[in-house]
Amino acid sequence: MPPVLEISRISKSYRTSFSLRKYWILRDLSFSVEPGEIFGFIGPNGAGKTTTIKLVMDLIRSDGGTIRIFGRSHREVGTKARIGFLPENPYFYDYLTAREFLDFYGRLFGFSRAVREAKTKALLEKVGLGNRGDRQLRKFSKGMLQRIGLAQALINDPELVILDEPMSGLDPVGRREVRDLILSLKQAGKTVFFSTHILSDTEQICDRVGILSKGDLKAVGKVSQLLAHEAKFYEVTFSGLSADGLPGVESVVSRDGGETLVRARDEAAVRALVEAVLRRGGTLKSVAPQRESLEDLFLREIQR
Amino acid sequence: MNQIWAIASNTFREAIRDRILYLLLVFALVFIAFAQILSLLTVGSEEKIIKDLGLASISLFGVLTAIFIGVSLVSKEIDRRTIYTIVSKPIHRYQFVLGKYCGLALTLLVNTVVMTFWFYLILLFKGFADPRLLLAVYMIFLELLLVTALAILFSSFSTPILSTLFALSLYLVGHLSWSLNLLRDRLSGGAGRWVCRVLYLVLPNLEIFNIKGEVVHGTALPAGLLLWATLYLAGYGLVVLSAACLIFQRKDFS
Numbered sequence: 001m002p003p004v005l006e007i008s009r010i011s012k013s014y015r016t017s018f019s020l021r022k023y024w025i026l027r028d029l030s031f032s033v034e035p036g037e038i039f040g041f042i043g044p045n046g047a048g049k050t051t052t053i054k055l056v057m058d059l060i061r062s063d064g065g066t067i068r069i070f071g072r073s074h075r076e077v078g079t080k081a082r083i084g085f086l087p088e089n090p091y092f093y094d095y096l097t098a099r100e101f102l103d104f105y106g107r108l109f110g111f112s113r114a115v116r117e118a119k120t121k122a123l124l125e126k127v128g129l130g131n132r133g134d135r136q137l138r139k140f141s142k143g144m145l146q147r148i149g150l151a152q153a154l155i156n157d158p159e160l161v162i163l164d165e166p167m168s169g170l171d172p173v174g175r176r177e178v179r180d181l182i183l184s185l186k187q188a189g190k191t192v193f194f195s196t197h198i199l200s201d202t203e204q205i206c207d208r209v210g211i212l213s214k215g216d217l218k219a220v221g222k223v224s225q226l227l228a229h230e231a232k233f234y235e236v237t238f239s240g241l242s243a244d245g246l247p248g249v250e251s252v253v254s255r256d257g258g259e260t261l262v263r264a265r266d267e268a269a270v271r272a273l274v275e276a277v278l279r280r281g282g283t284l285k286s287v288a289p290q291r292e293s294l295e296d297l298f299l300r301e302i303q304r
Numbered sequence: 001m002n003q004i005w006a007i008a009s010n011t012f013r014e015a016i017r018d019r020i021l022y023l024l025l026v027f028a029l030v031f032i033a034f035a036q037i038l039s040l041l042t043v044g045s046e047e048k049i050i051k052d053l054g055l056a057s058i059s060l061f062g063v064l065t066a067i068f069i070g071v072s073l074v075s076k077e078i079d080r081r082t083i084y085t086i087v088s089k090p091i092h093r094y095q096f097v098l099g100k101y102c103g104l105a106l107t108l109l110v111n112t113v114v115m116t117f118w119f120y121l122i123l124l125f126k127g128f129a130d131p132r133l134l135l136a137v138y139m140i141f142l143e144l145l146l147v148t149a150l151a152i153l154f155s156s157f158s159t160p161i162l163s164t165l166f167a168l169s170l171y172l173v174g175h176l177s178w179s180l181n182l183l184r185d186r187l188s189g190g191a192g193r194w195v196c197r198v199l200y201l202v203l204p205n206l207e208i209f210n211i212k213g214e215v216v217h218g219t220a221l222p223a224g225l226l227l228w229a230t231l232y233l234a235g236y237g238l239v240v241l242s243a244a245c246l247i248f249q250r251k252d253f254s
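Protein sequence lines correspond, in order, to chains Y and X.
Quick note: the first sequence uses the working numbering, first residue 1, plus one each step.
Quick note: the second sequence uses the working numbering, first residue 1, plus one each step.
By construction, these hints were calculated from the structure, which means they are not laboratory data.
For glycine and all other residues, C-beta sits at the position ideal for the given N, C-alpha and C.
Just a sample of chain Y residues kept apart from chain X, beta carbon distances all over 10 Å, derived:
hint, residue
1, 8
2, 71
3, 72
4, 115
5, 122
6, 143
7, 169
8, 223
9, 231
10, 249
11, 259
12, 267
13, 278
14, 282
15, 285
16, 290
Covered stretches of chain Y (chain X as the covering partner; in silico rule of three or more C-beta atoms under 8 Å from a C-beta of chain X):
hint, stretch
17, 50-62
18, 75-85
19, 88-95
20, 101-114
Example chain Y residues on the side facing chain X (calculated, C-beta under 10 Å, incomplete):
hint, residue
21, 14
22, 149
23, 152
24, 153
25, 155
26, 156
27, 164
All chains should be built: construct the whole structure from the sequences, respecting the hints.
Now the structure itself:
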């Protein structure tokens, strides 16, 4: 099956109004999103994530390169009919009620009145705004706006859902809801492409991630493949004796009451340490291998 | 077509939920009524003054509405980024521009009908009602349609404040462009005459739509004027809107 979204060698620059110097936001960016996967597009602020998404959504024009969605040009109206899109920090027509708002988007797709009514009702329920349908959007909180924004992105039952920072500005409960919604989209067979800088969410739900920094794609692949498999170090906690003179201890992290937390470099060091603790009559509390997190990888890649 | 209508009706809804529309409309209604008092203080025919001021009010407040709402229509969508979710739907960008235009045209139509109704009520009360006034109102409405197209064109590439200035200046210029022909006749020849001719052809001629004098004073209208004005609006409006669509088609929403 061809990729759902295929970006090849796109570049985008802008010129300042006064000096005609060219600044590159993206340079020769290429990657693809496969059918049915959740692809997380991560990077620090100003990396070019939103620019990439705007290019994909045809809100801005690239300097070069091609973008294909479902194997067709991203500019085609027929292509857009199969996509759902939620922009970053969305603002909507605040003079509309939630119901009018969704109805309006339904009309842009040419749905009949009956279809629009059914979709509006179902989507308001889905995003938890079932009892707020007749309220004007100007009276909505940020979290509620984000939800109604998601609802408009799903009105056409899209095959590809593109979300720009869907979790930013949301409280933990809201983030959890968005995460669950993304997972439910995947279960329904949709492809999800979203940008974020909230790494914990990404690590949990993404099949693949791309790390963007200063307009360059630093890494792309499965989270499990990108992260080093071996533990970086081990943390061992024990009680009943002091850490002095124990083998395998690289450093003492903390001492709290009777418990001591130490760091050991590798498996051999852990084995020696554990044996010594037990032999000397101490009590072993825990051994925790510390693996590289997405955050470590992210920081390593963007500093490269 | 469905998409254009969806955007147009949403634009209409936006306008009628906007306070500025009511502010201008209330001002216009007060002004039209005020003409009565003014006519008492002035020497001359009461009837003419009421009709003259009434038509002038409909025209002036219509133009202000067309420009103030017209320039903000598109730029507001870009500033507030509401446009992101619109142009990412399966619609063409020109459909968006035309939808916005039609929505405002509809708003202006309702606006003009309300003002005219009020104007007529006062005239009926005074016993001055004259169906020919409706011709003048029709011409005013044609002018509003052209001014709206210009406002949308300017707002497709410029800031709201500059667009307002451009649109207001062009409105004034449009009422004076006939004098370019006079100037051309006075010039002895060469490049000056040529420049006058080109400017006269390129700038909008809004005086075509002004038949207030003829209607108020009861003089005859030039033959075929209404048809010519309608065709002029269609042609000029089409060019202006096409330019707006072309600019919009190539625009980056960043």
